[in-house]
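Engineer: Each chain, written out:
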Amino acid sequence: MPRVGVLALQGDVREHVSMLEDVGADVVTVRRAEQMDDLDGLVLPGGESTTIAYLLTTSGIRPVLERKLEEGFSVFGTCAGLILLSSEILDGRSDQWSYGALDVSVRRNGYGRQIASFESAVDVVGVGPVPGVFIRAPKIETWWGDVEVLATLDHGDGAHPVLVRQKNVWGCSFHPELTNDLRVHELFTSSL
Amino acid sequence: MSSSINPSTVGSAVVKRGLADMLRGGVIMDVVNAEQAKIAEDSGAVAVMALERVPSDIRRDGGVARMSDPQMITEIQAAVTIPVMAKARIGHFAEAQILQALDVDYIDESEVLTPADEENHIDKWDFTVPFVCGATNLGEALRRIGEGACLIRSKGEAGTGNVVEAVRHLRTINAQIRRLQSADASELFSLAKDLQAPLALVQEVAATGKLPVPLFCAGGISTPADASLVLQLGAEAVFVGSGIFKSEDPVRMAKAIVEATTHFEDAKIVANVSTGLGQAMRGAETSSLEVRLAERGW
Numbered sequence: 010m011p012r013v014g015v016l017a018l019q020g021d022v023r024e025h026v027s028m029l030e031d032v033g034a035d036v037v038t039v040r041r042a043e044q045m046d047d048l049d050g051l052v053l054p055g056g057e058s059t060t061i062a063y064l065l066t067t068s069g070i071r072p073v074l075e076r077k078l079e080e081g082f083s084v085f086g087t088c089a090g091l092i093l094l095s096s097e098i099l100d101g102r103s104d105q106w107s108y109g110a111l112d113v114s115v116r117r118n119g120y121g122r123q124i125a126s127f128e129s130a131v132d133v134v135g136v137g138p139v140p141g142v143f144i145r146a147p148k149i150e151t152w153w154g155d156v157e158v159l160a161t162l163d164h165g166d167g168a169h170p171v172l173v174r175q176k177n178v179w180g181c182s183f184h185p186e187l188t189n190d191l192r193v194h195e196l197f198t199s200s201l
Numbered sequence: 005m006s007s008s009i010n011p012s013t014v015g016s017a018v019v020k021r022g023l024a025d026m027l028r029g030g031v032i033m034d035v036v037n038a039e040q041a042k043i044a045e046d047s048g049a050v051a052v053m054a055l056e057r058v059p060s061d062i063r064r065d066g067g068v069a070r071m072s073d074p075q076m077i078t079e080i081q082a083a084v085t086i087p088v089m090a091k092a093r094i095g096h097f098a099e100a101q102i103l104q105a106l107d108v109d110y111i112d113e114s115e116v117l118t119p120a121d122e123e124n125h126i127d128k129w130d131f132t133v134p135f136v137c138g139a140t141n142l143g144e145a146l147r148r149i150g151e152g153a154c155l156i157r158s159k160g161e162a163g164t165g166n167v168v169e170a171v172r173h174l175r176t177i178n179a180q181i182r183r184l185q186s187a188d189a190s191e192l193f194s195l196a197k198d199l200q201a202p203l204a205l206v207q208e209v210a211a212t213g214k215l216p217v218p219l220f221c222a223g224g225i226s227t228p229a230d231a232s233l234v235l236q237l238g239a240e241a242v243f244v245g246s247g248i249f250k251s252e253d254p255v256r257m258a259k260a261i262v263e264a265t266t267h268f269e270d271a272k273i274v275a276n277v278s279t280g281l282g283q284a285m286r287g288a289e290t291s292s293l294e295v296r297l298a299e300r301g302w
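If you read the sequences in order, they're chains A and B. So the mapping is simple: my numbering equals the position in the first sequence, first residue as 1, plus 9. So the mapping is simple: my numbering equals the position in the second sequence, first residue as 1, plus 4.
It is worth saying that the hints were derived from the structure and are not from the lab. Here a beta-carbon is modelled for each residue, glycine too, at the ideal position from N, C-alpha and C. Each hint should be verified, as a subset may be incorrect.
[Said to hold, decoys possible] Here are some chain B residues pointing at chain A (derived, C-beta under 10 Å):
(1) S12
(2) R28
(3) V31
(4) D46
(5) T85
(6) P87
Can you build the whole structure from these sequences, using the hints too?
Structural biologist: Following this line, the structure appears as structure tokens:
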């Protein structure tokens, strides 16, 4: 049974915990740096990326996660989590930092403000269509290196990746945790 | 992998409630201009509430309190990357239409402004943008949800810096939820009548033990300890109005309340961030108030 942490500084932590438990993981909520020990993987939930970034710094988790990412630690980020893992942030705050662990360029609120938030099916490679919930979602504009695109969506301006993986680091623009479909979480935990 | 354009749905209950879910564990701060909005974002706010006067000033100035000037809302939207909320008067659906046209991320149908309709709240199902509404008890919360609210905040007593009413409202809502959970199915009809709430929602709460939408807390939170208190009482996030920009050192107070909200169960961290904060807002004893904002809305 993989031991998976959910970063619990802010955001929709509870939904991730419940889904990971449903796919058979041993789940730990992480608010302090020492809780990062002995994990097989970590989920960065949806929430506000600027808030979570601020709290990663004040809690002392920021450098611990940075070191673990360099060592090949498995991390899955949804929405705000994708932004935190990305190599480049467009339309963010000028001083917004990110881990640079996923070679993608993401545009904050790239699919629009809340009035444009939407639901749409997402066809995932090797899995099939899963329900996608996009809330003020970040849009992956470009990607490079060995980023593997696992799903794209055309929301009217051409196909953009919405689920990507680069070795042990996964990110998606949408919120699989706000649905009842466990398959995206299963993809991540089965890789651990 | 799909390359064709997929049909999509906007404004569904899932995406409206979903944004509230994303704000959980966070602090939503009242701001009156772009500069304060930047300070709020820098300090870790998950969202800002754009309004012309914070509640303590509305209370002091009197007069009719209305929706903010669209120019101010637009300036704040341009200044920050986090969600921007704004307030409409109770029942004033035209103000809400304007706020939706401005692309605000959440509309607060708020008792802090002067009500425009003394019988009817806004039909919130009509809107693509989600609504938050205040409640002092479970019946009020479920009536608002029945009208389409996607997020409930306990009302507290805005602009007082006094947490006592927020505690009362949270405890009342929680106690009434527990009462429903212990009732048998045949009692729920009568309990729905007593609560003056839609039966289907009463049955749902009885089955799940929680509101169908997130429950946040507002009205009187002015210290990190207040935030920790209401989170331990079951609130999932906090709105802080006058408590930040009416304190001696707003930046430190904002950051301290953000950290206390995340680490609400860790008294050592709350103690640490509470140290040397300077004066909190002065505050008021609620028994001396001329106007009770929480009594607005029905």
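Engineer: With reference to the structure, classify each hint as holding or not holding.
Structural biologist: Quick rundown of the hints versus the structure:
no. : hint : result
1   : S12  : holds, 4 Å
2   : R28  : holds, 6 Å
3   : V31  : holds, 8 Å
4   : D46  : holds, 8 Å
5   : T85  : holds, 6 Å
6   : P87  : holds, 7 Å
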